Amino acid sequence: MIPAPFSYVRADSVDHVLSLLVEHGDEAKVLAGGQSLLPILKMRLARPEVVVDISRLSELAYVRVEGDEVAIGAATRHREVVDSADLQRDVPLLPYVASLVGDRQVRHRGTFGGSLVHGDPAADLPAAVLALGATFVIQGPAGRREVPAPEFFQDYFQTAVGEDELLLEIRVPRVPGVGWAYEKFTRRANDWAIVAVAAVDNRVALANMSMTPMRAVAVEAALAGGASAAQAAQAAAEGTSPVTDMHADEEYRGHLARVLTERALVTAAGR
Amino acid sequence: MSIMGTRVVRVEDPRLLTTGAVYTEDLRDPRLTGALHLTFVRAPMAHARILSIQTADALAFPGVVAVLTAADLGMEPMPPAMPMFTQTMTTSLLATDTVRFVGDAVAVVVTETAYQGQDAADHVHVEYDHLPALIDLREAASDAVLLYPQAGTNTVFAMGPAELDPELFAGCEVVVTQEIVNQRVAAAPLEGRAAAATIEDGRLIMWVSTQAAQDAKGAICRWLGIEPETLRVITPDVGGGFGAKIGADPDHAVVGAVARHLGRPVRWTETRSENMVAMTHGRGQLNTVTIGGKRDGTVLAYRLEILQDAGAQPRIGAVLPALTTLMAPAVYAFPKVEVKARSVVTTTTPTAAYRGAGRPEATHAIERGLDLFAAEIGMDPGEVRRTNLLPAFTEPHTTATGAVYDTGDYAVALDKALAASDYPALRAEQERRRAAGEEKLLGIGLSVYVEITGQAPASEIADVELRPDGSARVLTGTSPHGQGHATAWAMLVSEETGVPMDRITVEHGDTDLIPVGGGTFGSRSLQQGGAAVRQATRELVELARQRAADLLEANPDDIVVDTARAGVHVAGSPDAGVSFAELAAKEPLQVHTTFTSPGPTFPFGAHVAVVEVDVRTGKARLERLIAVDDAGTILNPLLAEGQRHGGYAQGVAQALIEEVRYDPEGNPETSTLATYPFLGITDVPSFEPVDMATPTPYNTLGAKGVGEAGTIGATPAVHNAVIDAVAHLGVRHIDMPTTPMRVWSALRAAEAAS
Ligand SMILES: Cc1cc2nc3c(=O)[nH]c(=O)nc-3n(C[C@H](O)[C@H](O)[C@H](O)COP(=O)(O)OP(=O)(O)OC[C@H]3O[C@@H](n4cnc5c(N)ncnc54)[C@H](O)[C@@H]3O)c2cc1C
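Going down the list, the protein sequences come from chains W and E.
Mind the numbering: the first sequence is residues 105 to 375 in the numbering used here, read in order.
Mind the numbering: the second sequence is residues -15 to 738 in the numbering used here, read in order.
Keep in mind the hints are simulated off the structure, nothing from the lab.
Nothing here was measured: the structure is a model prediction, and the numbers come from that model.
Hints should not be assumed to be uniformly reliable.
Part of the chain E face toward chain W, derived, beta carbon under 8 angstroms [unchecked claim]: (1) 81; (2) 99; (3) 103; (4) 255; (5) 664; (6) 666; (7) 723; (8) 728.
Short derived list, chain W residues pointing at chain E, Cβ under 7 angstroms [unchecked claim]: (9) 105; (10) 124; (11) 278; (12) 281; (13) 292; (14) 293; (15) 350; (16) 356; (17) 363.
Heads up, the beta-carbon is just placed ideally off N, CA and C, and yes, glycines get one too.
For reference, chain W alone in the conformation it holds in the complex (with noise of 0.2 angstroms):
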């Protein structure tokens, strides 16, 4: 529970960031909330020499409504987007979904912007903005690039910004009264999902079901060809791939799929 040595540098600006990833390429980390990044390094999973603290940068910590989108700055922490007006109206799913997010502590360190490129499939934000249809901007040596949720989350904890690149913002339709759910089930409160279902309108993205957030693209053509909650809920384990733990085996997980979806569904459409 004792990290190995590392350097450690506080960013005074995103240039700043991005030339110290340049410099010291995959021996760089960046921290962010550190509510991931630290676990790791204290249970000696990484060992980078640098570590670049982006926590302080208030050019990353923002939600902004620009026209149709809300943007949202990467270091944002959870705690202001549960507390954001502008999402509470135009994009609910988001300070809710936030609100679940571990505790108290962790809501008031951890960042949007980190939680979406830690890459876990367990995690409960990449499943919200993977069904809200969210797009990320991302900095790198080259330039500024835009990468759509679908291609942003690859694989195991991998997404698309590379080893020198920066996540800047995540922007985020908005959808004001459109339905919306999302369905968490854990052993406790304050913990990680062992399923969760985030549904917007006919939209249903799945947590913990596979080695990343995924749609539920049966469900969703279900839907479009005129089903019921109930019924195209049954399709919510088509295509998935979940790990078996101690908490639930493949089979297991692929039951609270069903039963989640059918009840994000249910309570989507009554919103």
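Could you slot chain E with the ligand onto chain W? The hints should help.
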């Protein structure tokens, strides 16, 4: 007005909430200036022979002062301390030739600063020759793989008849049997284990986070082969123990050994992940319960076969089946009870006491078993219990296993719990939900328990001094670590003397100051340590009366205590008086006494748990816990309720969620708090304690123990409730913890069977 029985607020809290506790790691004692830091090198695999230990690379790391092995420290295998254990199961403080669990200590790295230790420890190269892991208790009992080949067996300890009575269930109309797991759990106190050591005038001085300094001293002396005069143990603030900090662990002794070897102060504080694998675990029993009786609900015979997981080394855990055996007959008037027990070693963390330590296992086995019996004969679980309860008694009652219960009225406890929960209304609501086909089913679970507190040691000391400045000092052999002894002991002294609460200090846990003391465990403190404080105070008041009589030229019989002045006066003449302070100014006013209880006491109670089970996902959630706990006369309800609430939370968590797990190779799967779950405040309802007080005649306070009652009563009640919720769907038993997947799997199996 008397303060006895009132909610006196804790005198400890202002310091704890402002400047904070001073745990072992926080000590800034000058004797520890420049202390080195110790980091253990621990086995990464469950079972292996050590071929070589190469320390050269680690020694080259910055700040490394020494890397030491058993050979360097002259540590030899020693037989277990308890004479009833298989004596050929020898172990040493650091492994000599074999490691037997992930976390077994192999070597220590000593560094200038704490953080340097882990870097160097990673470079102590130990060459291992793998041996097979042994996780399954039955496999361990089969002796196919031996953990201690020289012992020729894996059995550490066994008791009970050589042969089971083939006639035990003769004449029974119904016999039910079930294997019931009482799973291994982690104590995981907020403060893990810690120690500091230095040499002063040729003596070893050790600070240990412990529940019993005197026991710690005894254990460390034995392990290090040193004389008692050469060791002093001091207890700083202790952040929780739950039984896992009784006395000392071998790791503490290693800290002392290193300080002696290097002649320098040394400190050690374990990390959380180290705590999860290297601090002893609790429970770990596989119980086979058989109950036979008549269809009218009368139980005629009960058999309990206990297989205890001792873990890799013979420690306290191995002897806990003796307590389970003692308490097996529980609150019932069963005509025949037979218990057979065996403790076996496995390649897992050693087990030891954990809140209840052997008694919760006894209660759990019979309370689960009775529900199975009730289900089999189609009788209400409350009714089956009532049919078999011992009638109320005020004279000692001797059970089939030789326990001598002091006082008890179990039927009243059950009635109170059923009334407070409005049991018939709960059953009606359960029926309504079932009939309506609702997804959220209601489950109602009962337990009636009796436990044993203050079993050993039977004696405790107290030393009370009234001082010339009007203050009082109490020395106690008990060892508070969160319970509130300072408040309780001060109440006892203040009540008898009138010395204000805030002028009374309570000291504990320094073996130079208090060479004899039993520590705090087994819910013994108030009934023994508190009784001793009262006895000392009364003796002291008596002494003061004698002295005052001389001074005031009165007959001692005419001298009465005057708490308003914190002194005494001549009866009928309040002006003719003298304060204790004035008396103490003339001659020290101090009494040292020993209280010995005629026997342990037997607190009892009844719990009703109400759970809601989502029939689609299998997830159970506790909705209510109504708990009657009779611990005799209550000195301070605030403190007693604190003990009860904490115990409930731990008990509920064992039923629903907690479990230490290993994979088949013996690798721990729950070695961090991300993987090992507790219930938090958001996961439990506000508990509903119900009062009942049947005094014990064994001490003048009428007090029994209350520290462990919560875990004893709550676990089976909640466990039974979960199964009760789905019983109508054909589910008969689900082992703890009743996780969502387990409940769902049981539902599926029942559906497939029907
Ligand atoms: C007790 C606890 C409970 C938790 N419970 C939950 C839960 O219920 N649900 C849930 O979803 N999560 C949970 N989390 C994780 C939490 O959501 C973390 O905040 C999140 O995973 C990481 O965000 P962070 O800002 O802390 O990132 P960090 O830990 O600082 O970084 C995480 C990773 O992302 C990289 N990174 C961070 N920001 C950027 C960026 N802008 N550009 C490029 N790379 C970046 C880092 O280099 C690192 O690899 C929990 C964490 C804890 C400690």
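Evaluation of the provided hints:
This hint is violated: residue 81/E has a C-beta 28 angstroms from the nearest C-beta of chain W, more than the 8 angstroms allowed. Using the Cβ-Cβ criterion of 8 angstroms, the hint placing residue 99/E at the interface with chain W is satisfied: the shortest such distance is roughly 6 angstroms. For residue 103/E, the suggested interface contact is upheld, since its CB lies about 6 angstroms from the closest CB of chain W, less than 8 angstroms. For residue 255/E, the interface hint holds, the least distance from its beta-carbon to any beta-carbon of chain W being 4 angstroms, beneath 8 angstroms.
Given the 8 angstroms rule on beta carbons, the hint for residue 664/E holds: about 6 angstroms separates it from the nearest Cβ of chain W. With a least beta-carbon distance of about 4 angstroms to chain W, the hint placing residue 666/E at the interface is held under the 8 angstroms criterion. The interface hint given for residue 723/E holds, since its Cβ lies 7 angstroms from the closest Cβ of chain W, which is under the 8 angstroms cut-off. Residue-level restraint check for residue 728/E holds (minimum Cβ-Cβ distance to chain W is 6 angstroms; threshold 8 angstroms).
The interface hint given for residue 105/W holds, since its Cβ lies 4 angstroms from the closest Cβ of chain E, which is under the 7 angstroms cut-off. Checking residue 124/W against chain E by beta carbon gives a least distance of about 24 angstroms; that is not within 7 angstroms, so the hint is violated. Taken as an interface hint, residue 278/W does not check out: its beta carbon lies about 32 angstroms from the nearest beta carbon of chain E, beyond 7 angstroms. The interface hint given for residue 281/W is broken, as the beta carbon of that residue sits about 29 angstroms from the closest beta carbon of chain E, more than 7 angstroms.
Checking residue 292/W against chain E: minimum C-beta separation of about 5 angstroms stays under 7 angstroms; hint holds. At its closest, the beta carbon of residue 293/W sits 4 angstroms from a beta carbon of chain E; the interface hint therefore holds under the 7 angstroms criterion. Given the 7 angstroms rule on beta carbons, the hint for residue 350/W holds: about 6 angstroms separates it from the nearest Cβ of chain E. Annotation: interface hint on residue 356/W holds; nearest CB of chain E at approximately 5 angstroms, less than 7 angstroms.
Interface restraint check for residue 363/W: the shortest CB-CB distance to chain E comes to about 5 angstroms, inside 7 angstroms, so the restraint holds.
Checked against the numbered hints given earlier, the structure breaks hints 1, 10, 11 and 12 and satisfies all the rest.
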